[in-house]
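The residues making up each chain are set out below.
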Amino acid sequence: MSLFNVFNTAGSALNAETLRLNTTASNLANAESVNGDPSKVYRARHPVFQTMMDNSAASFDQEDAGVGVRVLGVVESTAPPLMRYQPDNPAANKDGYVFSSNVNSIEEMTNMISANRTFATSVEAINTARDLLLKTISMGH
Amino acid sequence: MFENIFGIHEQALQLHGQRVGILATNLANADTPNYKARDIDFSAVLSQSDAAPLPLNVTDGAHIVLNDSTAPSADLKYRNPYQASLDGNTVEMPVEQAAFAENNVRYQASLGFINSKIAELMLAINGQ
Numbered sequence: 001m002s003l004f005n006v007f008n009t010a011g012s013a014l015n016a017e018t019l020r021l022n023t024t025a026s027n028l029a030n031a032e033s034v035n036g037d038p039s040k041v042y043r044a045r046h047p048v049f050q051t052m053m054d055n056s057a058a059s060f061d062q063e064d065a066g067v068g069v070r071v072l073g074v075v076e077s078t079a080p081p082l083m084r085y086q087p088d089n090p091a092a093n094k095d096g097y098v099f100s101s102n103v104n105s106i107e108e109m110t111n112m113i114s115a116n117r118t119f120a121t122s123v124e125a126i127n128t129a130r131d132l133l134l135k136t137i138s139m140g141h
Numbered sequence: 142m143f144e145n146i147f148g149i150h151e152q153a154l155q156l157h158g159q160r161v162g163i164l165a166t167n168l169a170n171a172d173t174p175n176y177k178a179r180d181i182d183f184s185a186v187l188s189q190s191d192a193a194p195l196p197l198n199v200t201d202g203a204h205i206v207l208n209d210s211t212a213p214s215a216d217l218k219y220r221n222p223y224q225a226s227l228d229g230n231t232v233e234m235p236v237e238q239a240a241f242a243e244n245n246v247r248y249q250a251s252l253g254f255i256n257s258k259i260a261e262l263m264l265a266i267n268g269q
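Just so you know, the protein sequences line up as chains R and E, in that order.
Numbering-wise (our numbering), the first sequence opens with residue 1 and increments by one.
Numbering-wise (our numbering), the second sequence opens with residue 142 and increments by one.
Bear in mind the hints are in silico, worked out from the structure with no lab data behind them.
Possibly wrong hints are sitting among the right ones.
Claimed, not checked - Calculated cross-link-like contacts (lysine to any residue; reagent style SDA-like; alpha-carbon spacing at most 25 Å):
#1 E:K177 <-> R:S138
#2 E:K177 <-> R:L19
#3 E:K258 <-> E:F147
#4 R:K135 <-> E:L264
#5 E:K177 <-> E:E233
#6 R:K40 <-> R:F4
#7 E:K177 <-> E:A225
#8 E:K218 <-> E:L264
#9 E:K177 <-> R:R43
#10 E:K218 <-> E:V236
#11 E:K177 <-> R:K94
#12 E:K258 <-> R:S114
#13 E:K258 <-> R:S138
#14 R:K94 <-> R:R130
#15 E:K177 <-> E:H150
#16 R:K135 <-> E:E144
#17 R:K135 <-> E:A260
#18 E:K218 <-> E:A240
#19 R:K135 <-> E:I259
#20 R:K135 <-> E:E261
#21 E:K218 <-> R:F4
#22 E:K258 <-> E:E144
#23 E:K177 <-> R:K135
#24 R:K135 <-> E:K218
#25 E:K218 <-> E:H150
#26 E:K218 <-> R:R70
#27 R:K40 <-> R:R70
#28 R:K40 <-> R:Q86
#29 R:K135 <-> E:G229
#30 E:K177 <-> R:L14
Claimed, not checked - Restraint ranges, calculated between C-beta atoms of paired labels, are given here:
#31 E:I266 <-> R:E124: 52 to 60 Å
#32 R:T18 <-> E:A265: 22 to 30 Å
#33 E:N221 <-> R:V74: 43 to 51 Å
Since the model is a prediction, treat every value here as computed from it, not as a measurement.
A virtual CB, placed ideally from N, CA and C, is assigned to each residue, including glycine.
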């Protein structure tokens, strides 16, 4: 019964979106962090999603149609950190420069909204599947 | 008389149940790069199940009439996106949500038909 698979599928989406929200929170929290060494400064992190194929991806049977999503990994942004001249900053290097993280706050906010929407949609899918199952169980009453 | 009490609704219910799972998969993979949204071609599957295969010949009262209640096999097809996104994902959230809501209503409609048929039979059984 495919309706039960909805819980697994949507549940995996909830998990993945939660991790996405976590990285967004981490990025926003560290948006203003600075370091004198550009290689040690915080870099924006983003999860990469992948479809969870239980069986061979080629056979699209009804049974393995319900595939969820998983987090393949978390990649760090390769955008260069911002260099600022702040000689009075205790973290500044000997030339007086600090490097601030390459987090793009606007990008993070839109990412958060997107994760929020997908999370809400998955919850809605779970609720719908539950309603349908409960109605099916009480069939004939 | 009781070979096909619920008519098309039995198969329709199973098919709608499967479609909930497929659409939920699309919704879950809304942010997955290179994921291609899939769906069932509903009318094609139902018309295929409508054309029943050749019936088994029943020559004896003890023969069991084959009632193929398994869901008709549905070929999953890829959805044509209105506008493909750059990461290769073809899930369009409003489209999927609309399909999900529509499928939900259709599932409940099939369920309603089956329920009313059951109520009808119960009325006949009880005779009051």
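Hint check:
1. Distance check on the hinted pair: E:K177 and R:S138 sit about 35 Å apart at the alpha-carbon level, beyond 25 Å; violated.
2. A hinted pair counts as satisfied when its Cα atoms are at most 25 Å apart, and E:K177 with R:L19 qualifies at roughly 22 Å.
3. A C-alpha spacing of about 7 Å is found between E:K258 and E:F147, which places the hinted pair at or below 25 Å, so the restraint holds.
4. Between R:K135 and E:L264 the alpha-carbon distance is near 21 Å, which keeps this suggested pair within the 25 Å criterion.
5. Using a Cα cut-off of 25 Å, the hinted pair E:K177 and E:E233 holds, with the two alpha carbons roughly 10 Å apart.
6. The suggested pairing of R:K40 with R:F4 is violated, with an alpha-carbon distance near 46 Å, which exceeds 25 Å.
7. As the CA atoms of E:K177 and E:A225 are separated by approximately 10 Å, the hinted pair is consistent with the 25 Å bound.
8. This hinted pair does not check out: E:K218 and E:L264 have alpha carbons roughly 43 Å apart, beyond 25 Å.
9. A threshold of 25 Å between alpha carbons decides the hint, and for E:K177 with R:R43 the separation of about 30 Å lies outside it, so the pair is violated.
10. With a C-alpha separation of about 15 Å, the suggested pair E:K218 and E:V236 falls inside the 25 Å cut-off, and the hint holds.
11. Our distance criterion of 25 Å between C-alpha atoms is broken by E:K177 and R:K94, whose separation comes to about 52 Å.
12. Note on E:K258 and R:S114: the hinted pairing is violated, with a Cα-Cα distance of about 44 Å set against a maximum of 25 Å.
13. A C-alpha spacing of about 14 Å is found between E:K258 and R:S138, which places the hinted pair at or below 25 Å, so the restraint holds.
14. The suggested pairing of R:K94 with R:R130 is violated, with an alpha-carbon distance near 62 Å, which exceeds 25 Å.
15. Restraint check for E:K177 and E:H150: not satisfied, since their Cα atoms lie roughly 30 Å apart, outside the 25 Å limit.
16. Restraint check: the Cα-Cα separation between R:K135 and E:E144 comes to about 24 Å, which is no more than 25 Å; the hinted pair holds.
17. Pair hint R:K135 plus E:A260 holds up; C-alpha atoms about 15 Å apart against a cutoff of 25 Å.
18. Distance check on the hinted pair: E:K218 and E:A240 sit about 14 Å apart at the alpha-carbon level, within 25 Å; holds.
19. Between R:K135 and E:I259 the CA atoms are separated by roughly 14 Å; this keeps the pair inside 25 Å, and the hint holds.
20. Taking the CA atoms of R:K135 and E:E261, the gap is about 18 Å. The hint holds against a cut of 25 Å.
21. For the hint linking E:K218 to R:F4, the alpha-carbon distance of about 22 Å falls within 25 Å, and the restraint holds.
22. Under the criterion of a C-alpha separation no larger than 25 Å, the hint pairing E:K258 with E:E144 is consistent with the structure, at around 14 Å.
23. For the hint pairing E:K177 with R:K135, the CA-to-CA distance comes to about 31 Å; that exceeds 25 Å, so the pair is violated.
24. Simply put, R:K135 and E:K218 have alpha-carbon atoms about 29 Å apart, too far for the 25 Å limit, and the pair is violated.
25. Restraint check: the Cα-Cα separation between E:K218 and E:H150 comes to about 23 Å, which is no more than 25 Å; the hinted pair holds.
26. Taking the CA atoms of E:K218 and R:R70, the gap is near 23 Å; set against the 25 Å cutoff, the hint holds.
27. Our distance criterion of 25 Å between C-alpha atoms is broken by R:K40 and R:R70, whose separation comes to about 29 Å.
28. Distance check on the hinted pair: R:K40 and R:Q86 sit about 17 Å apart at the alpha-carbon level, within 25 Å; holds.
29. For the proposed pair R:K135 and E:G229, the alpha carbon gap of about 37 Å is over 25 Å, so the pair is violated.
30. For a cut-off of 25 Å, the pair hint linking E:K177 to R:L14 stands: about 20 Å separates their Cα positions.
31. Here the CB-CB span from E:I266 to R:E124 is close to 39 Å, at odds with the stated 52 to 60 Å.
32. Separation of R:T18 from E:A265 is about 52 Å and departs from the stated range, judged on CB atoms against 22 to 30 Å.
33. At about 33 Å, the CB distance of E:N221 to R:V74 disagrees with the hint of 43 to 51 Å.
Violated hints, in rising order: 1, 6, 8, 9, 11, 12, 14, 15, 23, 24, 27, 29, 31, 32 and 33; the structure is consistent with all others.
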